[in-house]
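Participant: Start from the sequences and build out the full structure, keeping to the hints where you can.
The sequence shown runs 40 to 277 under my numbering.
Hints are computed from structural coordinates only; laboratory data are not their basis. Check before you lean on any hint, since a few could be wrong.
Unchecked claim - Lysine-lysine pairs mimicking DSS-like chemistry, simulated, CA-CA at most 27 Å apart: (1) K261 <-> K251; (2) K217 <-> K103; (3) K217 <-> K251; (4) K156 <-> K261; (5) K217 <-> K156; (6) K261 <-> K217.
Said to hold, decoys possible - Label pairs and their in silico Cβ distance ranges: (7) D165 <-> L114: 23 to 31 Å; (8) K103 <-> H263: 46 to 54 Å; (9) V223 <-> L114: 27 to 35 Å.
All C-beta atoms, glycine included, are put in the ideal place defined by N, C-alpha and C.
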Amino acid sequence: MNIGDPDKVIRSIHGTVYRLADSLLMVGEHDIQELERLNAMVLGLNEEMAELHRNLVRGNNELKRNEARIRELMLTDPLTGLANRRRLNESMEQGIGRSHRHGRPLSVMMADIDHFKRVNDTYGHDVGDEVIRMMANCLREGIRTNDLAARFGGEEFIVLLEECSLDDAFQLADRIRKSLSEHVLPSMQQSITASFGVAELGPEETAASLLKRVDQALYLSKAHGRNCVSRIDPCGIA
Numbered sequence: 040m041n042i043g044d045p046d047k048v049i050r051s052i053h054g055t056v057y058r059l060a061d062s063l064l065m066v067g068e069h070d071i072q073e074l075e076r077l078n079a080m081v082l083g084l085n086e087e088m089a090e091l092h093r094n095l096v097r098g099n100n101e102l103k104r105n106e107a108r109i110r111e112l113m114l115t116d117p118l119t120g121l122a123n124r125r126r127l128n129e130s131m132e133q134g135i136g137r138s139h140r141h142g143r144p145l146s147v148m149m150a151d152i153d154h155f156k157r158v159n160d161t162y163g164h165d166v167g168d169e170v171i172r173m174m175a176n177c178l179r180e181g182i183r184t185n186d187l188a189a190r191f192g193g194e195e196f197i198v199l200l201e202e203c204s205l206d207d208a209f210q211l212a213d214r215i216r217k218s219l220s221e222h223v224l225p226s227m228q229q230s231i232t233a234s235f236g237v238a239e240l241g242p243e244e245t246a247a248s249l250l251k252r253v254d255q256a257l258y259l260s261k262a263h264g265r266n267c268v269s270r271i272d273p274c275g276i277a
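Facilitator: Structure follows, in structure tokens:
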């Protein structure tokens, strides 16, 4: 039966009418089909909202991945795949802070490819790029997993060595130096060498001061004939 105001809303119900004295008692329920239709509509809306939520989550995850990739590109040297100077500066400040707080050693290694200008002038910049990549690979293969190797500029590289004493840094640099000298580029048919300097962080020392001292150590290696490692302790003594 249908109940309601014909000019407004009419509902279709199923039920039974009982006579009670002078009154009528109607026991019924809304049209089952209508309820099923409404229920299906609600379920459909819920599924649509769930799909929208899943798409939103996927979109957010993709955005985060893209942001991470962009940041990685901003902090990576494109030629070598090593850290660039910006990332090195960030990592040095953080590492030095940890070293000062916990009283743990921190050292820095600086390397410069010997006679690199001669390589570029003789063989061209493409071969020069090969030499830089070879140097980067030797550093990458020679350092520890928690060390950070960076291209500092041109043919110059720096390795940040946390939890590493001056003696250990010296030995590590010498191993990398020997490994590099054993590599021969087919396009050159000769080995490449590099000069190294190492320095250990002193009490309350800043990143700028540490970089200045390790640069002095590198200068000593060049003055001693190149293809060697020199060190300067926190007191500035070679």
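Participant: Each hint: holds or not?
Facilitator: Each hint, compared with the structure:
1. A distance of roughly 16 Å separates the Cα atoms of K261 and K251; the hinted pair therefore holds under the 27 Å criterion.
2. Restraint check for K217 and K103: the C-alpha separation of about 42 Å exceeds 27 Å, so the hint is violated.
3. Distance restraint check for K217 and K251: the Cα-Cα separation of roughly 25 Å lies within the 27 Å cut-off, and the hinted pair is therefore satisfied.
4. At most 27 Å may separate the alpha-carbon atoms for a hinted pair to count; K156 and K261 meet this at roughly 15 Å.
5. A C-alpha spacing of about 21 Å is found between K217 and K156, which places the hinted pair at or below 27 Å, so the restraint holds.
6. Between K261 and K217, the direct Cα distance comes to roughly 16 Å. Compliance with the 27 Å bound is thereby established for this hinted pair.
7. Separated by about 26 Å at the C-beta atoms, D165 and L114 satisfy the suggested range of 23 to 31 Å.
8. A C-beta distance of roughly 50 Å is found between K103 and H263, which places it inside the suggested range of 46 to 54 Å.
9. Checked against the hint of 27 to 35 Å, the C-beta distance between V223 and L114 comes to roughly 32 Å, which is consistent with it.
When held up to the earlier numbered hints, the structure conflicts with hint 2 and nothing else.
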